[in-house]
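Asks: One letter stands for each residue in the lines below.
There are 2 protein chains.
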Amino acid sequence: MYSFLELAQQFETKFDVRHFPKQPASLYDAAQYILAIGGKRVRPVCVLMGNELFGEINKDAWQVATAIELFHNFSLIHDDIMDKAPLRRGVPTVHTKFGEATALLAGDVMFAQAYDYLTHIDLSYVQKIIKLFNTTSKEVCEGQQIDMDFEQMQNVSSDEYIHMITLKTSVLLAASLQLGAILGGAGERNQQQLYAFGKNLGIAFQIQDDYLDAFGDPDKFGKQIGGDILANKKTFLLLHAKEVANDAQKKEIDTLLELNAADKVQKMLSIYKACKVDEWAKELKEKYYKAALNNLEDVAVLSARKKPLHDLAVYLMERES
Amino acid sequence: MYSFLELAQQFETKFDVRHFPKQPASLYDAAQYILAIGGKRVRPVCVLMGNELFGEINKDAWQVATAIELFHNFSLIHDDIMDKAPLRRGVPTVHTKFGEATALLAGDVMFAQAYDYLTHIDLSYVQKIIKLFNTTSKEVCEGQQIDMDFEQMQNVSSDEYIHMITLKTSVLLAASLQLGAILGGAGERNQQQLYAFGKNLGIAFQIQDDYLDAFGDPDKFGKQIGGDILANKKTFLLLHAKEVANDAQKKEIDTLLELNAADKVQKMLSIYKACKVDEWAKELKEKYYKAALNNLEDVAVLSARKKPLHDLAVYLMERES
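So the protein lines, in turn, are chains Z and Y. For the first sequence, our numbering gives the first residue as 1, with consecutive numbering after it. For the second sequence, our numbering gives the first residue as 1001, with consecutive numbering after it.
Note that these hints are calculated values from the structure, not bench results. Being a predicted model, the structure only gives us computed values, none of them experimental. One thing to keep in mind: the hints can contain errors.
In silico BS3-like cross-links for lysine-lysine, where the CA-CA straight-line distance does not exceed 25 Å [unchecked claim]:
hint, chain 1, residue 1, chain 2, residue 2
1, Z, K131, Y, K1022
2, Z, K233, Z, K251
3, Y, K1267, Y, K1282
4, Y, K1014, Y, K1084
5, Z, K220, Z, K282
6, Z, K276, Z, K251
7, Y, K1084, Z, K84
8, Z, K131, Y, K1128
9, Y, K1276, Y, K1234
10, Y, K1290, Y, K1276
11, Z, K128, Y, K1059
12, Z, K233, Z, K220
13, Z, K223, Z, K267
14, Y, K1220, Y, K1250
15, Z, K22, Y, K1131
16, Z, K264, Z, K84
17, Z, K59, Y, K1128
18, Y, K1264, Y, K1234
19, Z, K131, Y, K1059
20, Z, K233, Z, K223
21, Y, K1282, Y, K1234
22, Z, K223, Z, K276
23, Y, K1267, Z, K131
24, Y, K1290, Y, K1040
25, Y, K1250, Y, K1233
26, Z, K282, Z, K40
27, Z, K251, Z, K267
28, Y, K1267, Z, K97
29, Z, K276, Z, K264
30, Y, K1220, Z, K14
31, Y, K1223, Y, K1234
32, Z, K59, Y, K1131
33, Z, K131, Y, K1131
34, Y, K1131, Z, K128
35, Y, K1220, Y, K1282
36, Z, K264, Z, K233
37, Z, K128, Y, K1223
38, Z, K84, Y, K1097
Construct the entire structure; sequences and hints are all you get.
Replies: Okay, structure coming up:
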């Protein structure tokens, strides 16, 4: 069995090819561009790991892993257009480099190309695989829409936020694992446990993301601490702070959100700490992390086979950047 | 056997349902909105007609017809964003009504939903159907990209334009017919003839479109005559005029394209007529129309079965709006 990093390397080697025709270069170079930027390839590796949990990695799992990574990049291209993001992983986003219209189309062809890989798998799995892929695709779009809706709303509860983040990021992790499991011949119950593992892990991962942005170690965290606070991003931390703050704190939060004071980050962090948002976030993360581990525990295969997935969960949860 | 109009009515009745979940309404209402605007439903009916050419319309053909119409509307939503079009069929475009970000996502979920319908068909056809659907999807995107590239180019030949229009509009018509034929159990050769029929008919249709915009009867043509000229659109007519005009005419064309003179349409039409662009366009249309009819002729089924498709071709070619 392989570790996450070993599979990520193997995937990278196989994935590092041109996935599109040469012409029209104005379209396909834009599509290929984002794939070359790289990434952790967590989702496709989850397909492979979900597959290996039940036996040797089969050739269809590589096809589906490729489809998942293409889908993920399609959604990144379109999200970046919607969010008007200038940079991704330190380089210009597709629409910044190639224009919005081409970026939109590059996303579209990438989505179609993902389906192309899915049609190459064993016929007996095609319908089940494409169905889960479709459902997940639509959920990811729903998550992005709800996220945009939140930006226009005054009050969002942390429960609503969890629902949004589940759709926007967790279901793809969960589905990747399940797709691998399906191809590994897993039974329905094992598939569902693995899906739940991915879903809970994804939520815990996002809480960790929000936490690190506010409370991470500046020397280890790759980005500027407090970036979410500066951007008024509705994170787990902000939403919970608004739920538990007293009237004076609430007023201060609203003032901080309206103005861009020089000490905005510092002041918001003080409120977070006064409201014990940091402790709450840690506990919430633990809750989902433990639920994920329990799901993994409940998958009916030998414990030894679960080690790589267990290690992955630990790695994702203990990261400091 | 049914006529185009009968099938269009039957399709409309079946298609007139909600294709998406209720929530999030902010996303799915936008997607449903464009479907309710209506349209001629030419492409889905071509699936049904391609299917009926080989026997009774089977239930899978309805699924594929629905997928094709969803795909077509997905591409309309995204094209309208790219073209910054305020109106479609006289009503606000999706992005005008719901904002660009939501329109982009509404297109994406519609594309995914199209695949959902494709997975519901008989397993023995799934791979072949989805493969052709994928190829066609990518070609439509390529066509749109090449069309946008043309806007930035000084010189485009009419051959390049035909290539673009083939990808942007004809292949979808062609594939719709072939998809129906596949589900009808047609042999490879019949499938290819039908595909060629749709492709040639699509090109003839587009030439007719460009022709009517310039030379149509104002009383019968639904839109303003000369709309393409006012918008400096690179049509068959303009590209050919630039190819055959003498130096003085070329200079006048360039001046007309640069300035927006009050008599721009009238002056451009004079050049078109002096260059016999109208006659050329009629001949070119006839060439593709005849090629299409020959393709239909060559499909090895009883002539009587071809009548509805033949009537459709006549109807599309003799329209005046």
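Asks: Decide, hint by hint, whether the structure agrees.
Replies: We went through each hint and held it up to the structure:
1. K131/Z to K1022/Y: holds, 19 Å
2. K233/Z to K251/Z: Distance ~18 Å between K233/Z and K251/Z Cα, so the pair holds.
3. K1267/Y to K1282/Y: holds, 20 Å
4. K1014/Y to K1084/Y: Violated, at about 31 Å.
5. K220/Z to K282/Z: holds, 18 Å
6. K276/Z to K251/Z: holds, 17 Å
7. K1084/Y to K84/Z: holds, 17 Å
8. K131/Z to K1128/Y: holds, 17 Å
9. K1276/Y to K1234/Y: Status holds; Cα separation ~17 Å.
10. K1290/Y to K1276/Y: Measuring from Cα to Cα gives roughly 21 Å; hence the hint holds.
11. K128/Z to K1059/Y: holds, 20 Å
12. K233/Z to K220/Z: With a Cα-Cα distance of about 22 Å, the restraint between K233/Z and K220/Z holds, given a limit of 25 Å.
13. K223/Z to K267/Z: holds, 19 Å
14. K1220/Y to K1250/Y: It is violated: about 31 Å lies between the C-alpha atoms, which goes past 25 Å.
15. K22/Z to K1131/Y: Satisfied, since the Cα-Cα distance of roughly 19 Å is no more than 25 Å.
16. K264/Z to K84/Z: holds, 23 Å
17. K59/Z to K1128/Y: The hint holds at about 20 Å.
18. K1264/Y to K1234/Y: holds, 15 Å
19. K131/Z to K1059/Y: With Cα atoms ~19 Å apart, K131/Z and K1059/Y stay inside 25 Å; holds.
20. K233/Z to K223/Z: OK: K233/Z and K223/Z at ~15 Å, within 25 Å.
21. K1282/Y to K1234/Y: holds, 18 Å
22. K223/Z to K276/Z: Given pair K223/Z, K276/Z holds - Cα atoms ~23 Å apart, limit 25 Å.
23. K1267/Y to K131/Z: Status violated; Cα separation ~56 Å.
24. K1290/Y to K1040/Y: holds, 23 Å
25. K1250/Y to K1233/Y: holds, 16 Å
26. K282/Z to K40/Z: Holds - the C-alpha atoms of K40/Z and K282/Z are around 24 Å apart, at most 25 Å.
27. K251/Z to K267/Z: holds, 13 Å
28. K1267/Y to K97/Z: Not satisfied, since the Cα-Cα distance of roughly 39 Å exceeds 25 Å.
29. K276/Z to K264/Z: Cα-Cα ~18 Å, so holds.
30. K1220/Y to K14/Z: violated, 58 Å
31. K1223/Y to K1234/Y: holds, 18 Å
32. K59/Z to K1131/Y: holds, 19 Å
33. K131/Z to K1131/Y: The hint holds at about 16 Å.
34. K1131/Y to K128/Z: holds, 17 Å
35. K1220/Y to K1282/Y: It holds: about 18 Å lies between the C-alpha atoms, which stays within 25 Å.
36. K264/Z to K233/Z: holds, 13 Å
37. K128/Z to K1223/Y: Violated, at roughly 47 Å.
38. K84/Z to K1097/Y: Measuring from Cα to Cα gives roughly 20 Å; hence the hint holds.
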